[in-house]
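Undergrad: With the hints as your guide, set chain B onto chain A.
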Amino acid sequence: AQRVTQPEKLLSVFKGAPVELKCNYSYSGSPELFWYVQYSRQRLQLLLRHISRESIKGFTADLNKGETSFHLKKPFAQEEDSAMYYCALRRNNAGNMLTFGGGTRLMVKP
Amino acid sequence: GAVVSQHPSRVICKSGTSVKIECRSLDFQATTMFWYRQFPKQSLMLMATSNEGSKATYEQGVEKDKFLINHASLTLSTLTVTSAHPEDSSFYICSARVFVGGSWGYTFGSGTRLTVV
Chain A
1 AQRVTQPEKL
11 LSVFKGAPVE
21 LKCNYSYSGS
31 PELFWYVQYS
41 RQRLQLLLRH
51 ISRESIKGFT
61 ADLNKGETSF
71 HLKKPFAQEE
81 DSAMYYCALR
91 RNNAGNMLTF
101 GGGTRLMVKP
Chain B
111 GAVVSQHPSR
121 VICKSGTSVK
131 IECRSLDFQA
141 TTMFWYRQFP
151 KQSLMLMATS
161 NEGSKATYEQ
171 GVEKDKFLIN
181 HASLTLSTLT
191 VTSAHPEDSS
201 FYICSARVFV
211 GGSWGYTFGS
221 GTRLTVV
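These protein sequence lines are chains A and B, in that order. Residues in the first sequence are numbered consecutively from 1, following the working numbering. Residues in the second sequence are numbered consecutively from 111, following the working numbering.
If we strip away everything but chain A, and leave its shape as in the complex, we get (with noise of 0.2 Å):
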């Protein structure tokens, strides 16, 4: 059965520092990888997903299948971006539901 795990329940940075959330899975095929982000009181949301290859509100993902990890990064820290992230998976084969970590809880500190 499929994994996700994310090391991290609370990580707390300055403004303007590096960030870096961790996730790490096990599946054996061909995972679809996605981070949601949810902000204090507002439904879970798409943050990015590791097929689309893009940047959102400056944060990025690589998929590295050696690894098995699919970290989110950003280079400077805002304030805003403090929020409850949580990795999640969904298998290649048929079954759309999505398995996810235990979520990172994110404080930006001014």
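Hint data in this document are derived by calculation from the structure and do not stem from the laboratory. Treat the hints with care, as some may be off.
[Stated by the list, open to error] With a straight-line Cα cutoff of 25 Å, these simulated BS3-like cross-link-like pairs (lysine-lysine) come out:
id, chain 1, residue 1, chain 2, residue 2
1, A, K73, B, K151
2, A, K57, A, K22
3, A, K9, B, K165
TA: Positioned in the frame of chain A, the structure of chain B alone reads:
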């Protein structure tokens, strides 16, 4: 676009009663919807997948007789927690599969916080 409206946002009910949570797709047709449960400071756990016009598929360990899911139309899926008990208190989130930007993605409801007293 692709908004999912979930109601109610909060509900408090007495132990033994049933509670219905609605999830509506406002500007698209949702053939597939998902129901998640989230405990405090934990991740989203998939409870079931509902497909319009057919029976829901429940994840292992989820009681289908306790968590009744109905997806009778392309814009509405409901989750009914029957004979609720305090341990059912949780945050329930629905999600719909949606085709946007040339690929399939997911849009989420705002969640329902259920408290059983």
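Undergrad: Run the distance test for K9 (chain A) versus K165 (chain B): straight-line Cα separation, threshold 25 Å.
TA: This hinted pair is violated, its Cα atoms lying about 36 Å apart.
Undergrad: Is it true that the CA of K57 (chain A) sits at most 25 Å from the CA of K22 (chain A)?
TA: With Cα atoms ~18 Å apart, K57 (chain A) and K22 (chain A) stay inside 25 Å; holds.
Undergrad: Next pair to validate is K73 (chain A) with K151 (chain B); report whether the Cα-Cα distance is within 25 Å.
TA: This hinted pair holds, its Cα atoms lying about 23 Å apart.
When each numbered hint is compared with the structure, a violation occurs for hint 3 only.
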